[in-house]
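Peer 1: So the sequence lines, in the order shown, correspond to chains X and R. The working numbering applies: residue 1 is where the first sequence begins, and numbers increase by one. The working numbering applies: residue 516 is where the second sequence begins, and numbers increase by one.
Treat the hints with care, as some may be off.
[Said to hold, decoys possible] In silico DSS-like pairs for lysine-lysine, Cα to Cα no more than 27 Å straight-line:
#1 X/K368 to R/K664
#2 X/K75 to R/K804
#3 R/K804 to X/K430
#4 R/K765 to R/K804
[Claimed, not checked] Each pair of labels, with its calculated beta carbon distance range:
#5 X/S452 to R/E610: 46 to 52 Å
#6 R/E660 to X/S481: 52 to 58 Å
#7 X/N305 to R/E731: 52 to 58 Å
#8 R/E731 to X/R281: 48 to 54 Å
#9 R/A575 to X/R281: 58 to 64 Å
#10 R/S682 to X/E307: 25 to 31 Å
To be clear, the hints were calculated from the coordinates, so they are not data collected in a lab. Just so it is clear, the structure is predicted and the values come from calculations on it, not from any experiment. C-beta atoms are modelled at their ideal positions from N, C-alpha and C, and glycine is treated no differently.
Here is how the chains run, residue by residue.
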Amino acid sequence: MKMVNLFHILSMCGTVMMLACNGDPIHADNKGTDVGRKIDVRQYGAKGDGKTDDTKAIQAVLDSAVVGDTVYLPKGTYLIRTLRLVANVAFVADGMIKQPPELAGKFAIAKQNSDAPLFRAHRISNVYLSFRAETVNEALYASQCRNITVANSQLTGDSTNSRSFSAVLWYDCSSSRITGSTIGYYGVRRSSPKTYNPGTAIRVLSSRGITISGNELRDNGENGIFIHDSGDVEIDGNRIYRNGMSGIQIGFNAAEKVANYRITNNRLEHNAADAVDINNRAHGRVVAINALIAGNYSHGNGFVNEEPTPDGSGIATLIGVSDVIMSGNRAFANNRPALYAEGCGILVANRNVTDGEFEMVGNWDQVKMHNNAFRALRILANAEGNVLDLRQNEVGQVMLPNGIRIDSLYVIENKIGSGPVNINMQGNLKFEGNRLKSAHDVGALLIVNVNSASLIGNHINNTKNAAITIRKTAYNIFIDSNFVTSGGTWLHDFGSPDIKIGNNQIQEHVETTAP
Amino acid sequence: MMNVNLYIPTLNAGDKWPELLRALNRQTYPVNRRVVIDSGSTDETVERAIAAGFEVIKIAKASFDHGGTRQLAIETYPQAEVYVFLTQDAIPADESMLMNIMVQFNDPQIGMAYGRQLPRAGATLMETHARLFNYPVRTQVRSLEDAGKYGIKTISCSNSFAAYRSSCFLEAGGFPLGTIMGEDVIMAGKLLLKGWKMAYVGDACVYHSHDYTIREEFERYFDIGVFHSDNRWIFESFGRADGEGFRYAKSEIGYVGRRNPFLLPKIFCSFIAKWLGYKLGLVYRILPKDFRRAFSMYKGYWDRL
Chain X
1 MKMVNLFHIL SMCGTVMMLA CNGDPIHADN KGTDVGRKID VRQYGAKGDG
51 KTDDTKAIQA VLDSAVVGDT VYLPKGTYLI RTLRLVANVA FVADGMIKQP
101 PELAGKFAIA KQNSDAPLFR AHRISNVYLS FRAETVNEAL YASQCRNITV
151 ANSQLTGDST NSRSFSAVLW YDCSSSRITG STIGYYGVRR SSPKTYNPGT
201 AIRVLSSRGI TISGNELRDN GENGIFIHDS GDVEIDGNRI YRNGMSGIQI
251 GFNAAEKVAN YRITNNRLEH NAADAVDINN RAHGRVVAIN ALIAGNYSHG
301 NGFVNEEPTP DGSGIATLIG VSDVIMSGNR AFANNRPALY AEGCGILVAN
351 RNVTDGEFEM VGNWDQVKMH NNAFRALRIL ANAEGNVLDL RQNEVGQVML
401 PNGIRIDSLY VIENKIGSGP VNINMQGNLK FEGNRLKSAH DVGALLIVNV
451 NSASLIGNHI NNTKNAAITI RKTAYNIFID SNFVTSGGTW LHDFGSPDIK
501 IGNNQIQEHV ETTAP
Chain R
516 MMNVNLYIPT LNAGDKWPEL LRALNRQTYP VNRRVVIDSG STDETVERAI
566 AAGFEVIKIA KASFDHGGTR QLAIETYPQA EVYVFLTQDA IPADESMLMN
616 IMVQFNDPQI GMAYGRQLPR AGATLMETHA RLFNYPVRTQ VRSLEDAGKY
666 GIKTISCSNS FAAYRSSCFL EAGGFPLGTI MGEDVIMAGK LLLKGWKMAY
716 VGDACVYHSH DYTIREEFER YFDIGVFHSD NRWIFESFGR ADGEGFRYAK
766 SEIGYVGRRN PFLLPKIFCS FIAKWLGYKL GLVYRILPKD FRRAFSMYKG
816 YWDRL
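Kindly produce the complete structure, drawing on both the sequences and the hints.
Peer 2: Spelled out as C-alpha cells, the structure:
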C-alpha cells in the first residue's frame with residue numbers, strides 16, 4: 001500500500017512539474033496579473049521599520065500608480081493609518097501592516113463604520129488586495145464599489161476593544177469577494193451567555209454579488225459573517241468558529257433585496273449562537289429568499305464556556321422566509337434544534353444528518369423533509385401548515401401537540417424510532433409504509449380529529465396496550481396492509497365514523513421486548 | 516405550443532456555425548427569440564447570426580462566465596415559457612430535435628430536460644465511446660427519489676443542449692455565477708431538491724463531441740475536480756456514483772480494444788491524465804495560483820479570482 005501511495009505521489013509530483021514547466025503560450029497571453037508594474041513602496045520612501053508612519057509615502061505611491069499597477073510592500077512592519085485605494089490598482093503586501101492604537105474607534109448602531117479604516121475604498125472598481133494586518137478599526141471599508149477582491153490575507157483585530165468595528169465592511173458594493181483569508185480577534189471574546197460584544201469578521205450591507213469563500217473566520221466578538229439587505233451572496237467553504245454570535249447571520253430591511261443565497265460546504269463550530277440565522281421576524285411577511293444551505297458541518301454551537309446561550313441551531317434558524325433548501329448538512333452537539341423554522345413558506349430539508357431536532361413554529365406553507373436522519377420532529381402548539389411531507393427519514397420521535405392544523409400531512413416510509421405518534425389535528429393524513437416502534441403506555445399511533453387518514457403498509461411494533469388508537473372525532477379512516485405486532489390489542493376504535501379496515505397482518509397480545 | 520427562447524453563447528464559432536444555423540432553421544418547433552451572446556468573435560459568427568435572425572448580445576471576452584453569461588441572456592430576453600440552450604458546436608441531428616425535447620414539458624412536473632449528444636462526424640473511437648456511454652438511447656425521467664439509485668448521476672446534464680421551464684428556472688434563482696463549470700448541474704440539483712423532475716431525452720439529439728488531447732483531458736478533469744471541491748454539497752445531497760469511473764474505464768477499454776487495440780496505450784495515458792487532473796483539482800486550494808491557471812481548461816476563471 002505504501003508503495004502504491006509513493007508511486008502516486010511521485011507520479012503526481014512529476015506530472016505537476018512537467019505541466020507547470022510546459023506552459024501553454026496560447027493560454028498565457030492575457031493573464032491579468034502580469035499587466036502593469038510592481039511598485040516597491042520602499043523605493044518611494046516607505047520605511048517598513050514599524051516606527052515610522054508610512055501612510056503618506058504609500059498613499060503617494062498609490063496615487064501615482066496607473067491602471068494595472070501593483071503596489072507592493074516587501075517584508076517589514078509598516079505603520080499605516082488609512083490608505084485610500086485607487087481603482088484598477090492592486091495592493092499586495094508581504095510585510096505586516098499595523099495601525100496605530102490611538103485610532104481605535106467605537107462601533108455603535110448609529111455609527112457602523114469607523115473614521116479610520118486601514119483601507120478605504122469608495123466608488124472604485126477592479127482592486128485586488130492581499131495583505132497581512134493588525135488593525136484597530138476595519139481592515140477594509142468599501143462603499144459603492146465593484147469588483148474588489150481580498151485574497152489570501154490575514155487580518156487581526158483588537159481583541160480588547162469592547163465595541164470593535166468589523167474587519168471587512170462592504171456597503172452598497174457589487175461583484176466583490178473575500179477568499180482564502182483569515183480574519184480573527186475583532187472585538188472582545190464573548191464570556192457570558194447573556195451578553196456579547198460587537199466585532200464581526202465580515203459585514204455585508206446593501207450589497208449584491210458578494211462571494212465569501214475559503215476563509216477562516218474565528219474568535220470575533222459578534223458574528224463570523226453578518227449580511228443585511230443584500231442579495232446574490234455565496235458563502236462557501238469557510239471555517240467559521242468561536243465567534244460571539246452566529247456563524248452566519250442574515251438580516252432584512254428592504255426584503256426584496258434579500259434573495260439568492262448559497263451557503264455551502266462551511267464548517268461552523270463553537271459559535272455562541274446559531275450556525276446560520278436568517279431572521280425576518282421584524283418584517284412581518286414571509287419573503288422568498290431562494291437560499292441553498294447545503295453540505296455544511298456544524299458542531300457545538302450555542303454555548304459560551306460550556307454554558308448554553310439562548311441560541312445554537314445546527315443547520316439553520318429560519319424566521320419568516322420561504323424557498324430555502326437545506327440539503328446534505330451535518331449538525332451535531334449544538335445547543336438548540338438543528339432546524340428551527342418559524343412562520344416560513346416553502347422549505348425543503350433533504351439528506352441532512354443530525355443528532356438534533358427539527359422544530360416548527362407558527363405557520364408554514366409547504367415543508368418537505370426527505371431522507372433526513374434526526375432526533376425528533378417537534379411542532380409547537382398552535383402551528384398551522386398547508387403541507388408537511390415527511391418521507392424516508394430516520395427520526396427518533398415525532399412530537400405533534402394537540403390542536404394543530406395541517407391540511408396535508410404525509411408521513412411516508414419513515415423509520416420512527418420511538419412512539420407514540422400522536423396526531424391530533426385538523427387536516428388530512430397519509431401514514432404509509434412507515435416503521436414505527438413504541439413502548440409507551442398509550443401505544444404506538446393515536447389519531448384524533450383528522451378529516452381523513454390512510455394507514456397503509458406500515459410496520460408497527462408496540463409493547464403496551466393498543467398499537468393504534470382511533471378516536472371518534474377522527475373521520476374517514478382507512479387501515480390496510482399493515483403489519484402490527486402489539487402487546488395489547490392491535491386497534492382501539494372509539495367509534496370513528498366511516499372507518500374502513502382492510503387486510504392487515506396482526507399479532508396481538510404478544511410479549512415483546514421494549515424497542 | 517409553449518413559447519420558447521433559444522440561447523447560444525459564442526466565440527469564433529468557426530466552420531460548423533453555418534451548419535448549426537441551417538439545422539436550426541429546419542426545426543419544426545417554432546422559436547420565439549433566438550439569442551446569441553458573443554464574447555468578442557473576430558470571425559463571421561455575429562454577422563451570420565444576425566443574418567439568421569438572431570438577437571446578439573455582445574460581452575467582453577474576459578467577462579465570460581458559464582453561468583453568468585447565460586443568465587445575462589435570460590435576463591435580457593426573459594419572455595418565454597421554456598429557455599433552450601445550445602453550444603455553438605452542438606449541431607441538431609434532425610428537424611425534430613426541439614420538438615422532441617419540448618414534448619417532455621407537457622408533464623407539468625418536468626423542470627428541465629437535456630438531450631442526447633451523438634458523436635460528430637469523423638469522431639475518434641474514444642469520443643464516440645464517451646457519447647455512447649453517457650448518452651444512451653432511452654429517455655429517462657429522474658427525480659430526487661432516484662438519488663439513492665443513481666447518486667450524483669441523478670443530476671447529470673449538459674447545457675450543450677438543455678431546456679429549462681422558465682417558471683422553475685426563476686424559482687430556483689437562475690444559473691449560479693462564478694462557477695468554473697457545472698452551472699447546469701447546480702441548477703438541476705436545485706430543481707430536484709425543490710421537487711421538480713428532470714428528463715434525459717434520448718430522441719432529442721445533437722451532434723456534439725470533442726477529440727481531447729491528453730493535456731486537454733487533464734485540464735478538463737482538473738476543472739471537474741475544482742467544481743467538485745467547490746460543490747461538495749452536491750455529493751452530500753445526492754450521494755456518490757460509486758464505481759462509475761471504473762465502469763466507464765472498463766467499457767472504454769472494451770470498446771476501443773475491440774476496434775483498434777493500438778489505441779489502448781493512449782487510453783491508459785488518458786486515464787492517468789484524468790485521474791491526476793481530477794485529484795489535483797480536488798486539492799486546488801493548496802496549489803500555487805499559477806499552477807491552478809496552468810492546469811485549468813478555463814483560464815479566464817482564474818484571472819478573475
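Peer 1: Give a verdict on every hint.
Peer 2: Okay, the hints, checked on the actual structure:
{"no.": "1", "hint": "X/K368 to R/K664", "result": "holds (20 Å)"}
{"no.": "2", "hint": "X/K75 to R/K804", "result": "holds (20 Å)"}
{"no.": "3", "hint": "R/K804 to X/K430", "result": "violated (55 Å)"}
{"no.": "4", "hint": "R/K765 to R/K804", "result": "violated (35 Å)"}
{"no.": "5", "hint": "X/S452 to R/E610: 46 to 52 Å", "result": "holds (50 Å)"}
{"no.": "6", "hint": "R/E660 to X/S481: 52 to 58 Å", "result": "violated (21 Å)"}
{"no.": "7", "hint": "X/N305 to R/E731: 52 to 58 Å", "result": "holds (55 Å)"}
{"no.": "8", "hint": "R/E731 to X/R281: 48 to 54 Å", "result": "holds (52 Å)"}
{"no.": "9", "hint": "R/A575 to X/R281: 58 to 64 Å", "result": "violated (43 Å)"}
{"no.": "10", "hint": "R/S682 to X/E307: 25 to 31 Å", "result": "violated (48 Å)"}
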